[in-house]
Amino acid sequence: MSAPKIRLTAVIMDILDVLTNSPVDDPPWGLRLCDQTTYGTSTVYPALDRLLKVGWIEDRWEEPPPEDRPRRRYYYITSAGRAAYQDEIAARAARRTAWTARTLPTGGTA
Amino acid sequence: MNPADSFQDPFAVSGSGWIGVPHAAGGLGRMDEPWWPSHNGPFVNGTASNISWGASTTAQPGVIQLTESNSLGTAPTIINFEPTVTLTTTGGGMSLGAAPTTINFEPTVTLTTTGGNSFIGLAGDGRPAAESLAVRRFYHWNKAATAGAAAIRDTGWPGTPLENTPSARAAQDALADALGADQPTKTMTIRVVIEAKAAPSRHGHRWRLVRGTVLSPRSLTRVAVALAGQKRSMVGDEWRGHLLGEPDRGLTQREQIRAARGFVLAAVRYRLQDAAEQAWRPVDAVLKSRGLSNLFVLIPTLMAAMFVLHDEGSLGVVTSAESIITIGGTLYGLVRVGRWYRDVKPSDPKAKRAKEKP
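Taken in order, these protein sequences are the chains called S and P. Everything in the first sequence is counted per our numbering, starting at 1 for the first residue and increasing by one. Everything in the second sequence is counted per our numbering, starting at 1 for the first residue and increasing by one.
The set of hints was computed from the structure by calculation and includes no laboratory data. Among the hints, erroneous ones may be present.
In silico DMTMM-like cross-links for lysine to aspartate or glutamate, where the CA-CA straight-line distance does not exceed 20 Å [said to hold, decoys possible]:
#1 P:231 to P:277
#2 P:231 to S:49
#3 P:231 to S:58
#4 S:5 to P:277
#5 S:53 to P:343
So that you can see chain S by itself, here it is in the shape it has in the complex (with noise of 0.2 Å):
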């Protein structure tokens, strides 16, 4: 069977979004990604857990753990997960695109 399907809301979205302009040497974590899409914490971890089964994004867990809190859990976008963001990215410009053109006036000669 294919990968489970993923439906690309705004949540969806912001989250790759995030994860995709995220350095590879200080990827986000949890709290970090509740911060930077505004969404809370409800909105985020379940998107996450979705984004994960589909294999779009992976996790890794902090190593060395450190000594004084708890482990963090890093999340990083895998090559599937960036080639549908963009596509979903292009193909919501080129929806645009159509919108525009068919909506507004083209303009004609005098």
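Since chain S is already given, all that's left is putting chain P on it; use the hints.
Same frame as chain S, now just chain P:
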């Protein structure tokens, strides 16, 4: 000996770059550095009869160094106020330390003493606060096998040091008695926790009491982790780390509560997702298999035809053909829509046949 008595003696801090200000009530030294926020100075306590402190600043910004010498004849101990402070003294008497109060304050302080009748007093407040922080001071008495720390909140610096007030003394006495302070000491680590004060809301602490149970962020998180189930037990670490925030961005109590509530909701959503997945499993199996999909369409259609045949005969089947075809068509449509919705592709019969051929 009651360790709390040692606070009766004044104690001075002096040295290059330091101004020792023995508190009028005794027992408190204060450092006034121009760059130091006035309400966030580090504190040291001690008995003037036993220990004196010299202090010097180092060239490194953000690192303060204290040199301890005491009248017991032991070697001076250098204390670096780096993220982790380690104090080591030898001999009986008193050992003391001060919590680092730089902005990069780390919450672990290790204090080591040897000898009898030892007592570690650790005092200090937290980092310069963007928001109101609860001031905590820690007093720590050692015992051979057990250790303990007491936190006294809201000491009201730079006002009267709380340790010199009767109520604080009573608390210290109780703690010292409980821990049996007249015991040889061991190495131990004190974790200093800085908590942001919860701003009281218009409705008071709404989060606080539900049937007498304190719903703190931690307990809410524990509930959330339990709700999330064994399969997701690793979210416990993740969520506890979330509550702690980042070094330069701690979460206020209010934010912690909001986040913890979110964890509970997230756990419920995890469970709903799992339940939905379980429910879809047989449906997916039917959609994926051409044979099962065909049976799903054919069985009800044939059953309908059989009923009509039984009740109305062959002519009835002909006259009701439209209805029977509608049933079959609807079911076939459901299968197609289901495959699209679930993103399921049935196995290719040609490929299957090719695989079966020798």
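**Asked** Given the hint that residue 231 (chain P) pairs with residue 49 (chain S), does the C-alpha gap stay at or below 20 Å?
**Response** holds (12 Å)
**Asked** Are the Cα atoms of residue 53 (chain S) and residue 343 (chain P) separated by 20 Å or less?
**Response** holds (14 Å)
**Message:** With the threshold set at 20 Å, check whether the alpha-carbon distance from residue 231 (chain P) to residue 277 (chain P) stays at or below it.
**Reply:** holds (14 Å)
**Request:** Compare the distance between the alpha carbons of residue 5 (chain S) and residue 277 (chain P) with 20 Å, and conclude whether the hinted pair is satisfied.
**Result:** holds (12 Å)
**Message:** Run the distance test for residue 231 (chain P) versus residue 58 (chain S): straight-line Cα separation, threshold 20 Å.
**Reply:** holds (17 Å)
Hint compliance for this structure: no hint is broken.
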